[in-house]
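Participant: Sequence:
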Amino acid sequence: MKISIVIPTRERAEYLKYSLQTALQIEDPNLEVVVSNNASQDDTADIVAAINDTRLKYVETTKRVSMRENFNRAFMASSGDYILFFGDDDGILPGQFKYLRSLLETHKPDGISWGRRTYGWPVPGYGKKTGGIRLHRNNSFGSVYEYEAEKSRNDLLACKLSDMMPIPEIYHGCISRNFLISTSLDPKNVFDTAIPDYCIAYRAILHGGRFLHVNHGFSVNGYSPASTGGGQSSSAKKGGDDKTSKLFAEENEADPFSDVVEYASSVALAFFSTLETVRSRYDLTEFRPNYFAWYHYVLSSARNNTTLRAELSVILKAYAEKSGSTAELNQAIEMPLQAKRTKTERIEKVKSILQSFRVSTEIDGENTILSAANVVDRILGDNFGQVLDGNQTARAAWREAKSRSRQFVREL
Numbered sequence: 007m008k009i010s011i012v013i014p015t016r017e018r019a020e021y022l023k024y025s026l027q028t029a030l031q032i033e034d035p036n037l038e039v040v041v042s043n044n045a046s047q048d049d050t051a052d053i054v055a056a057i058n059d060t061r062l063k064y065v066e067t068t069k070r071v072s073m074r075e076n077f078n079r080a081f082m083a084s085s086g087d088y089i090l091f092f093g094d095d096d097g098i099l100p101g102q103f104k105y106l107r108s109l110l111e112t113h114k115p116d117g118i119s120w121g122r123r124t125y126g127w128p129v130p131g132y133g134k135k136t137g138g139i140r141l142h143r144n145n146s147f148g149s150v151y152e153y154e155a156e157k158s159r160n161d162l163l164a165c166k167l168s169d170m171m172p173i174p175e176i177y178h179g180c181i182s183r184n185f186l187i188s189t190s191l192d193p194k195n196v197f198d199t200a201i202p203d204y205c206i207a208y209r210a211i212l213h214g215g216r217f218l219h220v221n222h223g224f225s226v227n228g229y230s231p232a233s234t235g236g237g238q239s240s241s242a243k244k245g246g247d248d249k250t251s252k253l254f255a256e257e258n259e260a261d262p263f264s265d266v267v268e269y270a271s272s273v274a275l276a277f278f279s280t281l282e283t284v285r286s287r288y289d290l291t292e293f294r295p296n297y298f299a300w301y302h303y304v305l306s307s308a309r310n311n312t313t314l315r316a317e318l319s320v321i322l323k324a325y326a327e328k329s330g331s332t333a334e335l336n337q338a339i340e341m342p343l344q345a346k347r348t349k350t351e352r353i354e355k356v357k358s359i360l361q362s363f364r365v366s367t368e369i370d371g372e373n374t375i376l377s378a379a380n381v382v383d384r385i386l387g388d389n390f391g392q393v394l395d396g397n398q399t400a401r402a403a404w405r406e407a408k409s410r411s412r413q414f415v416r417e418l
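The sequence shown begins at 7 in the working numbering and counts up by one.
Derived by calculation from the structure, the hints in this document are not laboratory data.
Even glycine gets a Cβ: it sits at the ideal position worked out from N, Cα and C.
There's no promise every hint is true.
[Said to hold, decoys possible] What follows is a list of derived Cβ distance ranges for each label pair:
no., residue 1, residue 2, range
1, Glu340, Ala45, 45 to 53 Å
2, Pro130, Asp370, 18 to 26 Å
3, Ala333, Ser409, 20 to 28 Å
4, Val415, Val129, 36 to 44 Å
5, Lys8, Pro130, 37 to 45 Å
6, Ile57, Ser85, 33 to 41 Å
7, Asp87, Ala45, 24 to 32 Å
8, Asp34, Glu256, 32 to 40 Å
9, Val129, Arg294, 41 to 49 Å
Input sequences plus hints: build the corresponding full structure.
Facilitator: Quick look at the structure:
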């Protein structure tokens, strides 16, 4: 069984060279690593060309295309039975990959997801907590379980996003090629909304399938000033003038697979737009969302940005008229904006932090996604294999991991 790790990239050579090495450190001959370069003007091509590894495949676009199209080109260049995407400032844990393969070969699901660990690149002037990583007990050496498809679908439609988690994912998750092709309208365009990872997630939830989740992370989600998500968040805070967000919008407008809701620099709106585009494009109108809940969620996401909130109101008004949900929008506008997190969510976050530890990810003067992945691998060791075999409990494995973590500098 071949597994494809796919890394779409653009203008981030300084991050990619480390991100790519996390995948190539994996000792697995039946692995394929695909880099899809979105017309970068930096030395991305040279960095990839300097690597001598027959498992590495490189493709590039002749002109700048949307994120959706770059994801799709990358998928078309891959050949694995299972596909795993991550970003060019992210990384995979090379020492844990064998357990992911074991789970896929044993269960043969439509897909498998896991909890992400987060690493902030230590760029001067960027971020409050960078150059380290936090490991949580509830996301280490945990159980494997199957999604409740109906519950996930109901939570999505009701905009109960925190209750819906986890979700099937191809970005820091793994989905079978057969599922991606069989549930698409066009096998040459398996990604057909502006936000490609949520396109697949929402399609999987509405379509149904056999998806597993494992409480043990196999990858690290990196964030940096160059991240698309970081650009979206920055733009939302500053009023929509971030360069990354503007470029993303321009590329989406030029893409023939445009969403049914107009674009704005709002992650919440992107979630809603993806849901509505999937419903429309795949004729899933029987799954009508709770428009009031979704409108209230989108508007509340701009609670600290009156300019963005006004822009969102205009966009939602146009869509509400088109979808016959104006009454729900008016109701949402009259409601007080909801808090960023509920009281229950805040309590759960505190509990999670209390059952975790954070370490510096510097090794021999280097602090990158590669050193972060290697630090986590050293801490996790091979205990997850013993847990999966039933030879060790998750609690005992966590104790050993905490003990190994003492060789690294602890952080708050």
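Participant: With reference to the structure, classify each hint as holding or not holding.
Facilitator: Against the structure, the hints come out as follows:
1. A hinted range of 45 to 53 Å for the beta carbons of Glu340 and Ala45 is consistent with their spacing of about 46 Å.
2. Hint check: Pro130 to Asp370, Cβ distance near 20 Å, so the stated range 18 to 26 Å holds.
3. Checked against the hint of 20 to 28 Å, the C-beta distance between Ala333 and Ser409 comes to roughly 59 Å, which is inconsistent with it.
4. At roughly 19 Å, the beta-carbon separation of Val415 and Val129 lies outside the given 36 to 44 Å, and the hint is violated.
5. Restraint check, Lys8 to Pro130: a C-beta distance of roughly 41 Å satisfies the suggested window 37 to 45 Å.
6. For the pair Ile57 and Ser85, the supplied restraint of 33 to 41 Å is violated, since their beta-carbon distance comes to about 19 Å.
7. Between Asp87 and Ala45 the Cβ separation comes to about 29 Å, which falls inside the hinted range of 24 to 32 Å.
8. A hinted range of 32 to 40 Å holds for the C-beta pair Asp34 and Glu256, which are about 39 Å apart.
9. Range check, Val129 to Arg294: about 44 Å between beta-carbon atoms, so the 41 to 49 Å window is met.
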